[in-house]
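Start from chain A and add chains B and C according to the hints.
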Amino acid sequence: MLTLALKKEWVDDKRQGQLTWLLGIAALLLLVACLSSWQSHSRYVADQQAVSQSERARWLNQGDKGPHSAAHYGTYVMKPTSSLALLDAGLQDYQGNVIRLEAHVRNNALFRPIQDTLSVARFGQLSPAFVLQVLLPLFVILVGYGLVATEREQGTLKQLLAMGINPARLFFTKTFMLFTITSVLLIPVALCILLFNTLELRTGLFFGVYLIYVFIWCLLTIAISSLANTARKALIILLSLWAFTSLLLPKLAISYATAVHPVISGQAFQSRIESDVYTQEREQAIAKFKQQTLAHYKVSTTAELPFNWGGAQLQFGEQYADKKFDLLFSERNSQLKSQSNSYQQLGILSPFIALQTLSMGLAATDFTHHLHFSAAAEKQRRLIQETLNFNQRDNAHKTTGHYKAGIELWQRIPKFNYQHPTFSSLYQQYIPSFLNLFVWLVGLTLLCAFTLKKLKLEEQR
Amino acid sequence: MITLLLSTELKNLWREKLIACVVVISCACASIAFFSGFNHSQQQHQVIQQAKIEQAMAIDKAAAGLEKRLSTTKDVKWWQDQYDLRGQAFYLMVNYASKPPLPTSPIATGQSDVLPYFFKMLIKEKQHIVHQYDYQHPLKLMLGQFDLSFVIIYILPLLIIAVCFNALSQERQHGQLRLMLLQGANIKTLINMQILLRAILVVGPFLLISVLLLITQQIGITISQIAAYVLIVISYTIFWLAISVWVISKGNTVANNAAKLMTIWLAFVIVLPAAINTSINQLYPTPSRLHYLDELRHSSDEAKKTAEKTLAAFFQDHPELANQNKPADFALKKIASINAIEKSMVSLDQEFEQAKKTQQIFADSFKFLSPATLAQAQLVSLAGNDLLRHHAFMKNVEQHHNALQVFFSREIAKANENNDFSPCAGCSAHATLKNLNTIPQFSDKFSTEATSLWGILALLIISLGIWLYSQKQIVRIAEPQQAGVLV
Amino acid sequence: MTIQSDVVITINNLKKQFGDYQALNGLSFTVNKGEILALLGPNGAGKTTTINCLLGFLKPDSGDINIAGIDPQQDVITARQKIAYIPEQVALYPRLTGIENLIYFSKMAKIEKTEHEFKALLQFVGLPEHAFYKQVSSYSKGMRQKVGIAIALAKNAQALILDEPTSGLDPSASHEFSHLLKKLASQGVAILMATHDLFRAQEDAHRVAIINQGQLVDTLGFEKIKQVQLESVYLEHIRGAVTC
Chain A
1 MLTLALKKEW
11 VDDKRQGQLT
21 WLLGIAALLL
31 LVACLSSWQS
41 HSRYVADQQA
51 VSQSERARWL
61 NQGDKGPHSA
71 AHYGTYVMKP
81 TSSLALLDAG
91 LQDYQGNVIR
101 LEAHVRNNAL
111 FRPIQDTLSV
121 ARFGQLSPAF
131 VLQVLLPLFV
141 ILVGYGLVAT
151 EREQGTLKQL
161 LAMGINPARL
171 FFTKTFMLFT
181 ITSVLLIPVA
191 LCILLFNTLE
201 LRTGLFFGVY
211 LIYVFIWCLL
221 TIAISSLANT
231 ARKALIILLS
241 LWAFTSLLLP
251 KLAISYATAV
261 HPVISGQAFQ
271 SRIESDVYTQ
281 EREQAIAKFK
291 QQTLAHYKVS
301 TTAELPFNWG
311 GAQLQFGEQY
321 ADKKFDLLFS
331 ERNSQLKSQS
341 NSYQQLGILS
351 PFIALQTLSM
361 GLAATDFTHH
371 LHFSAAAEKQ
381 RRLIQETLNF
391 NQRDNAHKTT
401 GHYKAGIELW
411 QRIPKFNYQH
421 PTFSSLYQQY
431 IPSFLNLFVW
441 LVGLTLLCAF
451 TLKKLKLEEQ
461 R
Chain B
1 MITLLLSTEL
11 KNLWREKLIA
21 CVVVISCACA
31 SIAFFSGFNH
41 SQQQHQVIQQ
51 AKIEQAMAID
61 KAAAGLEKRL
71 STTKDVKWWQ
81 DQYDLRGQAF
91 YLMVNYASKP
101 PLPTSPIATG
111 QSDVLPYFFK
121 MLIKEKQHIV
131 HQYDYQHPLK
141 LMLGQFDLSF
151 VIIYILPLLI
161 IAVCFNALSQ
171 ERQHGQLRLM
181 LLQGANIKTL
191 INMQILLRAI
201 LVVGPFLLIS
211 VLLLITQQIG
221 ITISQIAAYV
231 LIVISYTIFW
241 LAISVWVISK
251 GNTVANNAAK
261 LMTIWLAFVI
271 VLPAAINTSI
281 NQLYPTPSRL
291 HYLDELRHSS
301 DEAKKTAEKT
311 LAAFFQDHPE
321 LANQNKPADF
331 ALKKIASINA
341 IEKSMVSLDQ
351 EFEQAKKTQQ
361 IFADSFKFLS
371 PATLAQAQLV
381 SLAGNDLLRH
391 HAFMKNVEQH
401 HNALQVFFSR
411 EIAKANENND
421 FSPCAGCSAH
431 ATLKNLNTIP
441 QFSDKFSTEA
451 TSLWGILALL
461 IISLGIWLYS
471 QKQIVRIAEP
481 QQAGVLV
Chain C
1 MTIQSDVVIT
11 INNLKKQFGD
21 YQALNGLSFT
31 VNKGEILALL
41 GPNGAGKTTT
51 INCLLGFLKP
61 DSGDINIAGI
71 DPQQDVITAR
81 QKIAYIPEQV
91 ALYPRLTGIE
101 NLIYFSKMAK
111 IEKTEHEFKA
121 LLQFVGLPEH
131 AFYKQVSSYS
141 KGMRQKVGIA
151 IALAKNAQAL
161 ILDEPTSGLD
171 PSASHEFSHL
181 LKKLASQGVA
191 ILMATHDLFR
201 AQEDAHRVAI
211 INQGQLVDTL
221 GFEKIKQVQL
231 ESVYLEHIRG
241 AVTC
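Residue numbers (my numbering), protein chains in the order written: chain A, 1 to 461; chain B, 1 to 487; chain C, 1 to 244.
Honestly, the hints are just simulated from the structure, not real lab data.
Glycine included, C-beta positions come from ideal geometry on N, C-alpha and C.
Please note that the accuracy of each hint is not assured.
As the list claims (entries may be wrong) - Have a look at the derived ranges for each label pair, beta carbon to beta carbon: (1) A:T279 with B:K343: 36 to 42 Å; (2) C:K141 with B:R476: 31 to 37 Å; (3) A:E386 with B:N435: 40 to 46 Å.
Claimed, not checked - Here are the simulated DSSO-like cross-link-like pairs (lysine-lysine), alpha carbons at most 30 Å apart as the crow flies: (4) A:K404 with B:K334; (5) B:K309 with A:K65; (6) A:K324 with B:K61; (7) B:K250 with C:K82; (8) C:K183 with B:K188; (9) A:K8 with B:K52; (10) B:K250 with A:K404; (11) A:K251 with B:K17; (12) A:K8 with B:K74; (13) A:K404 with B:K77; (14) B:K74 with A:K379; (15) B:K17 with A:K288.
As the list claims (entries may be wrong) - To give an idea of the interface, some chain B residues facing chain C are shown, with a C-beta separation under 7 Å as derived from the structure: (16) T8; (17) N12; (18) R15; (19) L179; (20) L182; (21) Q183; (22) A267; (23) G465; (24) Q481.
Bound conformation, chain A alone (with noise of 0.2 Å):
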């Protein structure tokens, strides 16, 4: 019965030249997407392979010099974009890519590459992510929104019911063949994720999640057109729940979740870690250090010390303010996850909201995965103004003069070779977007049967 239908269909819309059309057009965008995307995609990488090697170089031939003064020379790292980021850039534009380490500053991430852009940009990007998660639905609305209504209105449905044809099975037949139809122009997504990727968990489930939105929208377009008496009727509830759940709750959803999880200004954050940090505590915290070291090792003075006293108040330093760091960028961040919680908790009111925080979280360049990295920059900080203040600490005071270190130093600090989680490690995070898919799938299926119950009243009239 599916391929009669599919035939059926394939006949009547290339008589009406409407489908050829759409999947044509469908069809170049995403083409379209892709490449630009892929461009993009080879840029960055390149330019970000080039560039932490530089830095690395750099670093490496700093020269001779004191280890307090490599701290203040510090380096910067930067994040690899990861295969699926190919296909959904998810927030990369809008949370820097670039890291700055020193000693006694924990930097934010620099260089979003959105502050180069013009106003047009807010328009969004030709993304294979956008054509998939914005457009995609659409065509599944107008290939598919008169599928039964216009059978209706035709009185080809009592026809076809009044010829003993099972209303489930017609239901189940139309809503596979628009399903069929629309993963057509979902293969050269999977080409491209199988060119680019190697076969685990994440690419799976990228593929996976995009097949069940799909579908979705084929079950609820389907379930629409089968109840709506007109299939102008059901165009109009099918393109409202597509705005509804595409354009205007995604951004409510977003300003309600910044609205109850405020985070502080940049200028406030700031302040605040001018008045927290670098403060009179942290002066006595030092001399208080100091006069624990003195007496642990009784003696007097600081020279008596059996190592640098320099590098070792540079760590205590360094350690108090990482201390106070971590309280108010956990602080910051703990909001920031909430914001992230609340708008994913609004996708069992969006299956778009579902779908976007999946994709991102799976193509690892949502937020979750960017503070993944900060975390893992801020590790790498940490190390190197340990090792360096260490050095010292444990080699200056055995030279005459200002002590300076050289390439054996440095080469001690490991470069930056950051690797994105794996997708178990994380999945606790994205759990109540696949819930919310399931509830949504749970929800149409519910409303199949009452959808299967209207027909069945049909063949009875």
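For chains B and C alone, kept in the frame of chain A given last:
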């Protein structure tokens, strides 16, 4: 006749629950959108106010503590001393440059949420200053604000399509049009009255509420700004009405009209702007910031390596700061190094500026392809959140940065000459900056060109052209047909 | 072409082709003042095409049309002022009441009457009073048709064109309708009724014109209509033309 048509049409529409829903949605959108934009601009206001307060408090605190500082015998490290020129210049200065939102800011957020609107100034390379930003959830930035411009550009056309797509077509399909024509109705009057009434019901509440809110909540907003806002909304609306009339004039079914109008909306509002943006990025990409960073690091390294040469070049540019009898202080050397790095980055900075200018020229030409991009450009410009105002702000920031550098270079050179940086009895250096009020302060009164409405007037003319053409096509429907009956 | 004073509707040698299909092939007939002419013919005979030409919605390829002295192809607006029309499905605004629809369509034709007069018109056509202020969406087909007749009556037109007026009506409603029609004819209105209802045609019409394949095949006068088995005559004409 017009009264009859309007009153009957209003009766018809009101009894159909859709129009009531649309009016409610229009009102709700106006309110939510205004307050969303308003809150955003208020937040920025508050941050700027806080920064100014912090700046004023630092000056007052320094004034209050001056006497104690001058009489202290404790060891004061210069990098922790607010009365030390060097300490202020490189570490402690509380000096902000800010761009306050305009009264029209709630209309369109534009790029104001991603572009920095305040900078904490210090004497360091300007490249390290201008990339500060206000931290927000990146998802909020990606999704954008639910502001008035979002409602105008995306939602109003949808509402217009929702109420207009079946104008005349429904009567044509169901037979009322035939009867009306036989009763002597003028088909042009029919369609125009239907469309205008529906437009008033959709756009009227939105405009009324948004204008009322702008006037009552935004102090300082002028009548001409309100008039410009209303003109932009009306022009954009007329475009969509004209498109609706054009589609209806084709004489197709109601469902066909809906599908066509949705496709046109999708093309003009979603696909074309995204395609324009993508084309800009592909054809005229901005240089890589990673390479910029690489170059910045390289320039810094070179400046440090050639410190003597750097210093010599600095004194060549600033002979008034050179002192033959004394070696330059570390602070002057640092400023010289900063200068050298900034100079070496000029070409790369210019490359970025040039790329952005080229992108802007491209965007300015191609914005006429879509009424959405045109309307957005006008609304953002009216709101003062466009790149033009931002560039004026950044120019002022650079000037202020230079002024601070000049101030501190001069004062540090003077202090060096007077040996003020030498340790004194009981302190590591004399108080070389006693009055923080002498530090140059940023003036946030900078002006930009008034919003030019030529673009939106062009849209209005095009819309009226489409409307007039559609009128001719509509009249055709009522006339005797050769190929087949249209009514 | 000379128009007799009693002739209100004249169709002369009307031809209309749609692609390869000849819808009208030299059709000619007239309708006089106060006369009911029933236009009979099978599906595709050209009845609706003829009506569309009369109403000025279709341009014939050749031939003449005249309605009370006006050629709708030359001056469609004035011609339409002379015609009242009742389609098979009377198109009313479902969310307006019966009286609102009547007032609206009448005022559109610049007919100024008081509400009392419009009510009287609805009473005249037999619409139950309780239905006057109910939305038309709740009306039966017969009730909708009554409103349609009221709209036509209010216009005071010289010609009334009906397309399948009794289709879907129960016998009682059909009888009521027939009564109204005769009343109108007695007031001098020229009535052209395209129908499949042979019984109604026989009962109501002064003359019957049978068309097939776009041509007039027979005209039966008042006396002949009453004498013959109209169905047999009709089928004879239609079957004779059918090629198997």
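Results of checking the hints against the structure:
{"no.": "1", "hint": "A:T279 with B:K343: 36 to 42 Å", "in the structure": "holds, 37 Å"}
{"no.": "2", "hint": "C:K141 with B:R476: 31 to 37 Å", "in the structure": "holds, 32 Å"}
{"no.": "3", "hint": "A:E386 with B:N435: 40 to 46 Å", "in the structure": "holds, 42 Å"}
{"no.": "4", "hint": "A:K404 with B:K334", "in the structure": "holds, 21 Å"}
{"no.": "5", "hint": "B:K309 with A:K65", "in the structure": "holds, 20 Å"}
{"no.": "6", "hint": "A:K324 with B:K61", "in the structure": "holds, 25 Å"}
{"no.": "7", "hint": "B:K250 with C:K82", "in the structure": "holds, 29 Å"}
{"no.": "8", "hint": "C:K183 with B:K188", "in the structure": "violated, 36 Å"}
{"no.": "9", "hint": "A:K8 with B:K52", "in the structure": "violated, 71 Å"}
{"no.": "10", "hint": "B:K250 with A:K404", "in the structure": "violated, 83 Å"}
{"no.": "11", "hint": "A:K251 with B:K17", "in the structure": "holds, 27 Å"}
{"no.": "12", "hint": "A:K8 with B:K74", "in the structure": "violated, 94 Å"}
{"no.": "13", "hint": "A:K404 with B:K77", "in the structure": "holds, 24 Å"}
{"no.": "14", "hint": "B:K74 with A:K379", "in the structure": "violated, 37 Å"}
{"no.": "15", "hint": "B:K17 with A:K288", "in the structure": "violated, 75 Å"}
{"no.": "16", "hint": "T8", "in the structure": "holds, 5 Å"}
{"no.": "17", "hint": "N12", "in the structure": "holds, 6 Å"}
{"no.": "18", "hint": "R15", "in the structure": "holds, 4 Å"}
{"no.": "19", "hint": "L179", "in the structure": "holds, 5 Å"}
{"no.": "20", "hint": "L182", "in the structure": "holds, 5 Å"}
{"no.": "21", "hint": "Q183", "in the structure": "holds, 4 Å"}
{"no.": "22", "hint": "A267", "in the structure": "violated, 33 Å"}
{"no.": "23", "hint": "G465", "in the structure": "violated, 27 Å"}
{"no.": "24", "hint": "Q481", "in the structure": "holds, 6 Å"}
Hint compliance for this structure: hints 8, 9, 10, 12, 14, 15, 22, 23 are broken, all remaining hints hold.
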